[in-house]
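Chains as they are written, first to last, in this note's numbering: chain C, 1 to 318; chain V, 1 to 254.
Honestly, the hints are just simulated from the structure, not real lab data. Since the model is a prediction, treat every value here as computed from it, not as a measurement. Incorrect hints may appear among the rest.
[Claimed, not checked] Here are the simulated SDA-like cross-link-like pairs (lysine to any residue), alpha carbons at most 25 Å apart as the crow flies: (1) V:K132 <-> C:G60; (2) V:K88 <-> C:G60; (3) V:K171 <-> C:P239; (4) V:K171 <-> C:A18; (5) V:K132 <-> C:L4.
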Amino acid sequence: MKTLPDTAIERLRRAANAPQLSGTRYRLLEKLGEGGMAGVFRVQDTALNRELALKVISVGDAAGELALRLLQEAHVIAKLEHPGIVPVHDAGTLADGRVFYTMKLVQGQSLDQCAEGGLPERLRLFHKICDTVSFAHSRGVLHRDLKPQNIMVGAFGEVLVMDWGLSKLLGGSERPAECEQTAGGEARPVTAHGSVLGTPGYMSPEQARGDVTALDHRADIYSLGAVLRFLLANVRAVPRAVSAIIGKAMKVDPAQRYGSVEELSRDLAHYLDGLPVSAYPESPLRRLWRWAGKNRVWILLVLAYLLMRAALILWRTR
Amino acid sequence: MRDDTNMGGANAFPLTRRSLIEATRSPQPEERRRALNTLIAVYWKPVYKYIRLRWGKDNEEGKDLTQEFFSRLLEKDFLGSYDARRAKLRTFLRVCIDRFLANEQKAGRRLKRGRDIQFLPLEFEAADGELKQIEIPAPGQMDEFFEREWARSVFALSLERLREDLEKNEKQTHFQLLQLYDVEDGGRELTYEQVAQRFELKSSDVTNYLAYARREFRRTVLEQLREMTASEEEFQGEARSLLGSKVELKGREE
């Protein structure tokens, strides 16, 4: 048997791993990333002459469970028509028997690579993430793996929540889709069969315990809190009210967290508008101080007016 | 009865779906022999190269120690203590090799070649030749080295098995195309038209034949991995190791 050089091993590895697109409208361009269960490839849609991302099972299991999960993931995303969620275009089975789906190819950077700007910009960006997650919850879908690597920020400021591979239908049967796809296309920690799903540091305590049946939308709220904490990690002085928002979202007891993503969003919006936030009860003095901070232009104008009047009165009485 | 095990034979693979490790402990001599053949076919080269490089042995010592290692592995039922949930088989084997070599050195024994295992001398010469083409790994990179050699072994055996299968089905051209594009250096510089001319095919046939051969190669590799793994989880992990993200491979090209 002839010795296989290293270059041949790499070519064989690619040949064995690349999706077989013969008989489809897609042409393989390059590999974007590989996760635990699936790979993501950049392909050319020859019928419409556009580039797409194709996600395909890396290695199917004997029972066909992974294939089913990838298809279910495609169905979940298809159900979530929202500007913050990448649209799915097609799904099916390739000649090599592997299940795939195609979706819009997103150009941009994942949040972990582009967390920058001032506090208000970051909070507005986070607000968009909340909008998307809130929409998914309204459609009965939990994300279960919210983290900066799964959030993509496009060139025009659009924010996309990616990787719905671990998503779960609220009120439905357990569907731990373990297929991997990250915004950056890179691999992420593997979630093996029947084991804990999610990413340490971002998953809620109940999720980390593997208490899958008890999970509800508050698990995503915890993860959103962790994402916000990450987003503000290099902000010099995070205001106490914002820290309190993060703290409330990340409470160990789900009952003490925000009741919904809307509530979390509302608190953030209130903070941005200089209004009181539910997570941060204020003393009357602090409330007065915040009110003064919010209305300082008016206060300065009134003070200036009063000073002028006083000066005028003084001048007249001389 | 003595069960001779022929190292390096590629056509001795069992088609059973039973776990390889379980089968090596089977009470049925035939099943046990076939399982051992598979285990040895995949691992003897990585073991031999590891002994040579990690333990600084020459070719003759390397041969003796490799044979002795596999003999002991079988005699002492080292595999009995293997637990797939705790480590990959490769990692386990590597620990066994290190223990075995350390004990041998301590005892200062001279090994006698061959006992239950017959080696093909030419295969050892090939393995020795392969070593000359490999960049010597740093001491801290022996894990990666063993992993890489395992990948080389699995791919080489899969190719051999695929060649036999395709020849049996009169699809030699399919295999030759795979060989040209994915094994030989420089094959990809040829256009499909040039290849079609060389093989007296239509261009579209080149695409189809190549796609078929690649698909079959993938199937063969996965089938081989299934034979070597005990559970779905282990299989998935091994498949990821082999086909998934790129493992940095350093070495001279042929």
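Right, here's what the structure says about each hint:
1. Between K132 (chain V) and G60 (chain C) the alpha-carbon distance is near 37 Å, which puts this suggested pair outside the 25 Å criterion.
2. With a C-alpha separation of about 20 Å, the suggested pairing of K88 (chain V) with G60 (chain C) holds against the 25 Å cut-off.
3. For the given pair, K171 (chain V) sits about 71 Å from P239 (chain C) by alpha-carbon distance, which is inconsistent with the 25 Å threshold.
4. The hinted pair formed by K171 (chain V) and A18 (chain C) meets the criterion: a straight-line CA distance of about 22 Å does not exceed 25 Å.
5. With a C-alpha separation of about 13 Å, the suggested pair K132 (chain V) and L4 (chain C) falls inside the 25 Å cut-off, and the hint holds.
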